[in-house]
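6 protein chains.
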Amino acid sequence: MNDLGLVYRTIERAEPAAVEKLSRYGVATIHEAMGRVGLMKPYMRPVYPGARTCGTAVTVLAQPGDNWMLHVAAEQLGKGDVLVVACMTDNVDGMFGELLATSYRARGAVGLVIDAGVRDVAEISAMKFPVFSKAINARGTVKATLGSVNVPIVCAGAAVNPGDVVVADDDGVVVVPRALAAQAADASEAREAKEAATRKRLAAGELGLDIYGMREKLAAAGLKYVD
Amino acid sequence: MNDLGLVYRTIERAEPAAVEKLSRYGVATIHEAMGRVGLMKPYMRPVYPGARTCGTAVTVLAQPGDNWMLHVAAEQLGKGDVLVVACMTDNVDGMFGELLATSYRARGAVGLVIDAGVRDVAEISAMKFPVFSKAINARGTVKATLGSVNVPIVCAGAAVNPGDVVVADDDGVVVVPRALAAQAADASEAREAKEAATRKRLAAGELGLDIYGMREKLAAAGLKYVD
Amino acid sequence: MNDLGLVYRTIERAEPAAVEKLSRYGVATIHEAMGRVGLMKPYMRPVYPGARTCGTAVTVLAQPGDNWMLHVAAEQLGKGDVLVVACMTDNVDGMFGELLATSYRARGAVGLVIDAGVRDVAEISAMKFPVFSKAINARGTVKATLGSVNVPIVCAGAAVNPGDVVVADDDGVVVVPRALAAQAADASEAREAKEAATRKRLAAGELGLDIYGMREKLAAAGLKYVD
Amino acid sequence: MNDLGLVYRTIERAEPAAVEKLSRYGVATIHEAMGRVGLMKPYMRPVYPGARTCGTAVTVLAQPGDNWMLHVAAEQLGKGDVLVVACMTDNVDGMFGELLATSYRARGAVGLVIDAGVRDVAEISAMKFPVFSKAINARGTVKATLGSVNVPIVCAGAAVNPGDVVVADDDGVVVVPRALAAQAADASEAREAKEAATRKRLAAGELGLDIYGMREKLAAAGLKYVD
Amino acid sequence: MNDLGLVYRTIERAEPAAVEKLSRYGVATIHEAMGRVGLMKPYMRPVYPGARTCGTAVTVLAQPGDNWMLHVAAEQLGKGDVLVVACMTDNVDGMFGELLATSYRARGAVGLVIDAGVRDVAEISAMKFPVFSKAINARGTVKATLGSVNVPIVCAGAAVNPGDVVVADDDGVVVVPRALAAQAADASEAREAKEAATRKRLAAGELGLDIYGMREKLAAAGLKYVD
Amino acid sequence: MNDLGLVYRTIERAEPAAVEKLSRYGVATIHEAMGRVGLMKPYMRPVYPGARTCGTAVTVLAQPGDNWMLHVAAEQLGKGDVLVVACMTDNVDGMFGELLATSYRARGAVGLVIDAGVRDVAEISAMKFPVFSKAINARGTVKATLGSVNVPIVCAGAAVNPGDVVVADDDGVVVVPRALAAQAADASEAREAKEAATRKRLAAGELGLDIYGMREKLAAAGLKYVD
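Protein chains in written order, with the numbering used here: chain A, 1 to 227; chain B, 1 to 227; chain C, 1 to 227; chain D, 1 to 227; chain E, 1 to 227; chain F, 1 to 227.
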């Protein structure tokens, strides 16, 4: 009944224009613009400070402690893809290192998001290949049991389908469903424009209490000032 | 019976001279000088390496996943203040970002200590606004339920009263009660002077065993050497 | 029946030539070359990015919250040693700081690996004294209860004997038993040579599936491609 | 772009016959019969030993620290339903207690699965209302912000759609997609029959090595016996 | 500047009548009645199911891995007291066992709340001496370094002063400040009376939506029903 | 260089008389009698309350998520043995269930200690087969990669050699090295006798302060009483 042992070769990726537009915005902005959904758990961290990626998801469901499918997935990666890896159970072994990073980059991939461990941190940082993981761990893995490629997965608490847009930066990782990519990009643009105006007023000493008109609601909720 | 929904506008801050003097010493030194008390849990980490702050506490008690009171608190911040935020229950949502940092800085605040999450890490790092938090998380919050400002709180395991001195650096966050600020600053100065002398002797190859006179106590405790 | 309160002054250290050769390879490489054994838990992290050490182990078994034995151990440290500290129970207090780093370096030690906390992060980073720990914590410790020096320990899940080689970098910490040091160094050299060749082919766009000859085994295991 | 603030009143539930048949089998059996998929994270535990439930999912997506939607969901519960609650971010507040248990039971519900905390453990245990949660926590929640009812959710790492079958016992919680319920029930029946035969042989002293025919594969993998 | 090494022999305990009245209510009820404050972290669990206590706090601040002060505190325990123990840093060693339980009971104490570990679980359960702890751990402790008795502490995230009322049951541990004991007891009584009426209506099939009058507020907040 | 893929068939077990004598004492007593060493981490918990075992260790080193070696080990189990399982990396999958329990019991084994997960909790509890594990988890495992049997392991932080005595009860799991079994049993007997006398005095209201003669040492350490 499960999908194990299957590699789906044909997936529909989000529109390139929407992906490009989303790449201009930060994870926090996109997440807010979408209505505060789609975020992975905050334990997902960049392997080096300033890492940032935005691309279309190729997904992997892997056994714990087994990176066989990460080799299988390499063949399915195309230009602009981000590999997104979920494990069948919690695992922090080092499933990915510098050699796979070299291979993925050669295929055109622009990043890796993995709910497990990675290694070769120094080399990956030097390569500037953006990797977001749950852990850093020199521990190697076996190649013994099948998983799947391009099936729907739950990665770090977020549902991901092949072809969705994945954006990651210092603030975390957000998933934008393929069908909503253009809409999310537009909403991000609008949000950022609005924030630029707010930023100026805050820098000038105005209070959010006034800019956002919160005082009345706070009073209605019962807020009391004591001198 | 609780203090929820209250904003205390008048607080007594620690003496500026004592705050200034404390700002010269590291968290580990102050914590030792005070007799090893006042430290927050070690999960409190700077958002960027080298972040450092020392100021007087304005406190917030907030609902989990709700940053309404961080906007209310902005108005209570004065020059040299550090906002210290505790949540009513454990929470790591991103309650604070670049816009609030802009606002707080405009008010004269010199830092944020928050037992929860923050976001806009890249922007906050670029601004050099010192933030110490439990987590980094793009996840946004609602503005729906009241908490309080300038009430006594327990933040990351440490009791904090409004007006206390809060010092934070790469080693963690320490709270110096307002009434003890001058005394703690003097004790820190004395400790640092003593350590400077010890450092020279250790660098020259002398052993702490001899400098601190430990050999006799160790023998009395039963230490045995085996060749 | 335990070894508490004992300091073994005479230990047999791994061959200097083997230690030197091991120092050329990364932790992930050595761990793989040894057959994926000897790794400490991944919570052991460098205090500053890029920290790296390779030396012979002097071991300490300490009480939680008590760093007395770290002073006793200083006297047992020789040129090229790495102090490896285990606690009798889980503890993250700051057992080590800049003064001990100064002392250890003066004795010729080349690093510290500690299953507990350390402090004075800024100073240790500036000194470039390589430290790998479970936590960063300003919290100080007492000097009240004996432990032991140079007894077999379990540190962060790995068995360590005095004189073993300890290698640590951004990927973690690996222990090479003294008797296997030369063999592990040779195996690491062989592995790295092989990887260099593979890296070139991967960078040129070849797939690991083909380089490693995985396709047949995957098919035998039942992998199916779906278009 | 999100579904917040929506209550879907019409859902398609799994076939009653399949639900009934699944109720005869344990979580471990069903999970294996499905091919080792659909399991929630192991931190989901019964509130009292021996708790067990099997029913059709009504889903809730809630704000952290806010149980308003658990009241809204009560109206959507029918006979044989299990309420499954996910939070928008990690939270362990006590969102559910004895009063809601009374209400849910009155509506015909047969259990609760919640990726958060519950309270009134003594009362819920006495009522024998099966509850599976991440935590036990007296901490109460507010009723201030909307979530949704009967939208697809990710609960404790597992994707759940309204109408899916949820089975929970001392071993954990498994989700059976609505469309696969009958097939999973049949596979569970087959697995249990097979295990009954194996159990007898193992109890008689036969080895799994022989019953499952493992010796040849182990030898092929390189297993060696040393006397 | 700290209070280490001090035993305060004279403390003011909450009124016996208020303590007795509080003993009739559960932790969740009291916590709600007080306005959702005073609760310890949910990791505090009873050593045996059904454990329950209510008494006046005698407090201890102890070193990690050192239970000397638990012997000192025995002498300060009177009839109806609950010993509340905080450690200076996180620690889960087994600081308390059956012998201390025997001693405390002989002194009239009615329970122990400890932010650390305990052992002799079988014996303590058989004695029915109510113990609430962070961990169960056979690991013993030393008696080497002073702490204090009857100073203000932060235990499991909650501020506790000597003489406060501590109530603990299967749902957790709540602290009622001495001065608020009578008021909290009355509020608990009122809350329980109100809940009894609500319980009947819910059991009869009425919905909280109607009993609590939530429908209008939900609609105002934007809740939409979809058929 | 590792021992993977090896099954050592001949091990030397601790003397039966010493094992029998150790079986009379609790884990806390034995751990103290040995000088506070040999204890596993406190996350090792019994699967059912009151579980208790004492036997000679047959050890397994397994891959994460792979229980093949637990079948191999069954053949090596003899009367009075306890299987002790360590994983090569942290893992909580359900590696053991009721069928293996049936098999192990048929071979004469008296318990299982596993630094991973187990399932079939209800059945194992009903069988009264003592199991101590890190987790309960319905998640099944593969049978694909070799580990070893009867090699030295580190299990839950404790070093275990084949033939050592393993004692487990509600307080945790302690390892007694084979060569020290008789000595540890005698020391446990002596400790228990002494505690029986102390218990009577404590129950009569005497204080540990007086029984253990602590008052003088406390005064010397600087303890002060304040009225």
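No lab work stands behind these hints: they were computed from the structure.
Where hints are given, some of them may not hold.
[Claimed, not checked] Straight-line alpha carbon distances no greater than 25 Å define the calculated SDA-like cross-link-like pairs of lysine to any residue that follow:
no., chain 1, residue 1, chain 2, residue 2
1, F, 79, D, 41
2, A, 143, C, 161
3, F, 224, B, 224
4, B, 217, F, 220
5, C, 143, F, 180
6, F, 143, D, 210
7, C, 41, F, 224
8, A, 128, C, 106
9, C, 41, B, 221
10, C, 143, B, 4
11, F, 41, F, 180
12, B, 194, C, 203
13, F, 200, E, 3
14, A, 41, A, 159
15, E, 143, F, 220
16, E, 128, F, 161
17, D, 143, B, 224
18, E, 128, E, 196
19, D, 41, F, 151
20, F, 224, E, 196
21, E, 41, E, 152
22, C, 128, B, 221
23, C, 128, A, 122
24, D, 143, E, 51
25, A, 143, D, 128
26, B, 224, E, 44
27, D, 128, E, 196
28, B, 217, E, 128
[Stated by the list, open to error] Partial list, derived from the structure: chain E residues whose beta carbon lies under 8 Å from chain B:
no., residue
29, 1
30, 37
31, 154
32, 161
33, 182
Even glycine gets a Cβ: it sits at the ideal position worked out from N, Cα and C.
When the hints from earlier in the document are held up against this structure, which numbers fail? 1, 2, 3, 5, 7, 8, 9, 10, 12, 13, 16, 17, 18, 19, 20, 22, 24, 25, 26, 28, 32 and 33
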